[in-house]
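J.: Quick note, the sequences are listed as chains A and B, same order.
Under the working numbering, the first sequence is numbered contiguously, ending at residue 1212.
Under the working numbering, the second sequence is numbered contiguously, ending at residue 404.
Simulated from the structure, these hints should not be mistaken for laboratory data.
One thing to keep in mind: the hints can contain errors.
Among chain B residues calculated to face chain A with C-beta under 8 Å, some are [to be verified]:
no., residue
1, H131
2, E132
3, L207
4, R210
5, V216
6, Q355
With a straight-line Cα cutoff of 27 Å, these simulated DSSO-like cross-link-like pairs (lysine-lysine) come out [unchecked claim]:
no., chain 1, residue 1, chain 2, residue 2
7, B, K224, B, K256
8, B, K31, A, K963
9, A, K937, B, K224
In this text, a Cβ means the ideal position worked out from N, Cα and C, and glycines have one as well.
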Amino acid sequence: MNPIVALLIFPGGLFVLTLGLAYEWVDRKLLARAQNRVGPRWFQPLADVFKLLAKEEVIPNDVNPLLFVGLPIAALAGALTAALYAPIFGLAPAYSFEGDLIVTVYLLSLLTLCMGLAGANTFNRFALVGATRTLTQLFSYEAPFMLALLAPAFVAHTWQISTINAYASTHWLIVTQPIGFLVALIGLMGKLELPPFDAPEAETEIVAGAMTEYSGRGLALFRLGKGVEMVVGLTLVAAFYLGGLASPLDFLLKTGALLIAIVIIQALMTRLRIEQTVGLWWRWGALLVLVQLLLYILWEVVTA
Amino acid sequence: MKQEPQKVITKKGERFIIPIGPQHPALKEPGHFEFAVDGETVTDATVRLGYVHRGIEKGVESRNWVQNLYMLERICGICSHTHAMTYCLGVEKLAAVEVPERAQVIRLIVAELERIHSHMLWLGVAAHEAGFDTLFMYTWRDRETVMDLLELLSGNRVNYSANLLGGVKFDISPQQADKIRQGLAFLAERNTHYLDVVMNDMLLLGRIRGVGVMTRDQAEKLGAIGPTARASGVARDVRLDAPYGAYRMFKPKLILETAGDLEARFIVRLREIADSCRLINEALDNLPPGDLTVRMPRRIKEGETISRVEAPRGEAFYFIKSNGSDLPERIKVRTPTICNMGSVLALARGHQLADMPMILVGIDPCFSCNDRMITLRRPDGEAETWSWGQLCEYGIKAYQR
Chain A
909 MNPIVALLIF
919 PGGLFVLTLG
929 LAYEWVDRKL
939 LARAQNRVGP
949 RWFQPLADVF
959 KLLAKEEVIP
969 NDVNPLLFVG
979 LPIAALAGAL
989 TAALYAPIFG
999 LAPAYSFEGD
1009 LIVTVYLLSL
1019 LTLCMGLAGA
1029 NTFNRFALVG
1039 ATRTLTQLFS
1049 YEAPFMLALL
1059 APAFVAHTWQ
1069 ISTINAYAST
1079 HWLIVTQPIG
1089 FLVALIGLMG
1099 KLELPPFDAP
1109 EAETEIVAGA
1119 MTEYSGRGLA
1129 LFRLGKGVEM
1139 VVGLTLVAAF
1149 YLGGLASPLD
1159 FLLKTGALLI
1169 AIVIIQALMT
1179 RLRIEQTVGL
1189 WWRWGALLVL
1199 VQLLLYILWE
1209 VVTA
Chain B
4 MKQEPQKVIT
14 KKGERFIIPI
24 GPQHPALKEP
34 GHFEFAVDGE
44 TVTDATVRLG
54 YVHRGIEKGV
64 ESRNWVQNLY
74 MLERICGICS
84 HTHAMTYCLG
94 VEKLAAVEVP
104 ERAQVIRLIV
114 AELERIHSHM
124 LWLGVAAHEA
134 GFDTLFMYTW
144 RDRETVMDLL
154 ELLSGNRVNY
164 SANLLGGVKF
174 DISPQQADKI
184 RQGLAFLAER
194 NTHYLDVVMN
204 DMLLLGRIRG
214 VGVMTRDQAE
224 KLGAIGPTAR
234 ASGVARDVRL
244 DAPYGAYRMF
254 KPKLILETAG
264 DLEARFIVRL
274 REIADSCRLI
284 NEALDNLPPG
294 DLTVRMPRRI
304 KEGETISRVE
314 APRGEAFYFI
324 KSNGSDLPER
334 IKVRTPTICN
344 MGSVLALARG
354 HQLADMPMIL
364 VGIDPCFSCN
374 DRMITLRRPD
384 GEAETWSWGQ
394 LCEYGIKAYQ
404 R
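Same shape as in the complex, but just chain A (with noise of 0.2 Å):
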């Protein structure tokens, strides 16, 4: 693929904005269903970009202001890479290599650091707090959803998402590895900080959590980063766990499912304490997936 084309239209760029944009809106109006709301039109998210784009951004006293602008930039233009070694709508990946998969876990991590770095640089007291919740709950849930992305690897003998989406085609590994599969999805969950792993942002303690500052053009990035980080995670999660994603129906049906699953999760649980998501994630979620994992070692060894 032209390398031009791949970057600003298609996997990167717009075609993933848009995306992102039209799952955010997907995710907002069944939420809002599932509450007894009406919810918003579908052109909301994009009218919500617009606006903040439009708006004077204010950049606070004693902050940086080069990171203060950059970290959004640099937020957005972390999961639009990502967005390049994932099987984005079903087709194979712009670029590939081997090891392809520890490349974009991290590049979708840099949204997170970035939104607690662009916390920590203000002075306000909400965004301080933020951004400390934000670190913290990223350090917890990070290490499971990682081995919950690696457990396929594993069974795949390959660090290639491209491989392995291939691979997982011919087997559900939701099947043979559910847990793994449950800790991938929450796990997504908590790198977006949907309900119940929201206490970074939890309006009713600290405003917004580290994006309080933000009021123009780098709230918008921060946004648009978060739907696209929502797009390449539910790829991901879709392509190893639920059979692989071979053609854009494919991916349509397989995301839109996992999205429901997501929304369901948020319309029913009350928001997490600090402490509490990190105790579930290193009590629950890490050790599950190393007792899968040590089952698929031990299984490998028996069978070998």
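Chain A is already provided as a structure; the job is to place chain B on it using the hints.
T.: Just chain B, lined up with the frame of chain A:
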């Protein structure tokens, strides 16, 4: 012009303070809290009230007895009937007027509908503070039922204006009574479901069980009242301790929990909704016949009195003094929130920052109810309470400039 850098964390030992309010998404009402935190743990809490001081107590001194009814009803939007009823009870006592039985029972019915309305609103707010928005949306949807019932009776959804000095403004027809019974049946069913959710939802329990525990001793010492106190095992309910109006005929149940944590406060309020439903049904079945009003004198006899009513949040207390004219000499209002506010500050220490909104909301604060005094702060931040004389002096000086 460049401002001086704002210091957030400086020397060791200096406190990191998280301000909540008066403009804050957690509190749609204006109160200002300062929580000193060490990491996520709250080490100290202070409150500053007075943002919605509206001068109502001064205002009532220049309005006549009837006009004050409307004025006092607007102290609070949620328990407006309570305020009007407390005032009416006091003024009727001063005037030595006996309200007809039917009017008393109608007052009780409206008061209990209001209690359901208030508790369901509280349940939604508390769920929202805990981050359980689905429960919030559903309770507020169901609350519409009780608001519709109040609208059916009085024509208003918020300030019902049911009271008159010496009676009530509207009657309850058998058709209306049937509508109320239907609505209550629906609410009672939903209430059972919510009670089930509150007692069995593991994640919600993780946020409310054992949080903000107030022992019985603490509750007595801090002077907590209403459901907050009853959740700590303090048997205190004005409807039973000093029955007024129709509560002499229809007895509410005393609902007590001993745990004293947020879960207990949830359960007490939810059980009170169920009891209110029962009480209203009982009152509707035994609605005595008769007039709705008696004649009230325009001037109230000289004297002073107190009247107490169990508002949804606790005891509402009125001191009314008349000098024999058609204007009151003094009306002093004490609302339940101000009594419970002390418990928030005492309970906050040692809890997580994430629990603060929940502990605060646990007492069901109503800021427009409680703002009656002014604390002034100098720019250096020291709080200082001014006496009436100081305020007058300050006011005169301020306008001389």
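J.: The structure should be examined with respect to each hint, and the outcome stated for every one.
T.: Hint-by-hint comparison with the structure:
1. Because the closest C-beta pair between H131 of chain B and chain A is about 7 Å apart, less than 8 Å, the hint holds.
2. Of the supplied interface hints, the one on E132 of chain B holds, with its beta-carbon coming within about 5 Å of a beta-carbon of chain A, less than 8 Å.
3. For L207 of chain B, the interface hint holds, the least distance from its beta-carbon to any beta-carbon of chain A being 5 Å, beneath 8 Å.
4. Annotation: interface hint on R210 of chain B holds; nearest CB of chain A at approximately 6 Å, less than 8 Å.
5. Interface hint status for V216 of chain B: violated, as the beta-carbon distance to the closest one in chain A is roughly 16 Å, over 8 Å.
6. Interface restraint check for Q355 of chain B: the shortest CB-CB distance to chain A comes to about 6 Å, inside 8 Å, so the restraint holds.
7. About 24 Å separates the Cα atoms of K224 of chain B and K256 of chain B, which keeps this hinted pair within 27 Å; it holds.
8. Straight-line distance between C-alpha atoms of K31 of chain B and K963 of chain A comes to about 25 Å, which keeps the hinted pair within the 27 Å bound.
9. Simply put, K937 of chain A and K224 of chain B have alpha-carbon atoms about 49 Å apart, too far for the 27 Å limit, and the pair is violated.
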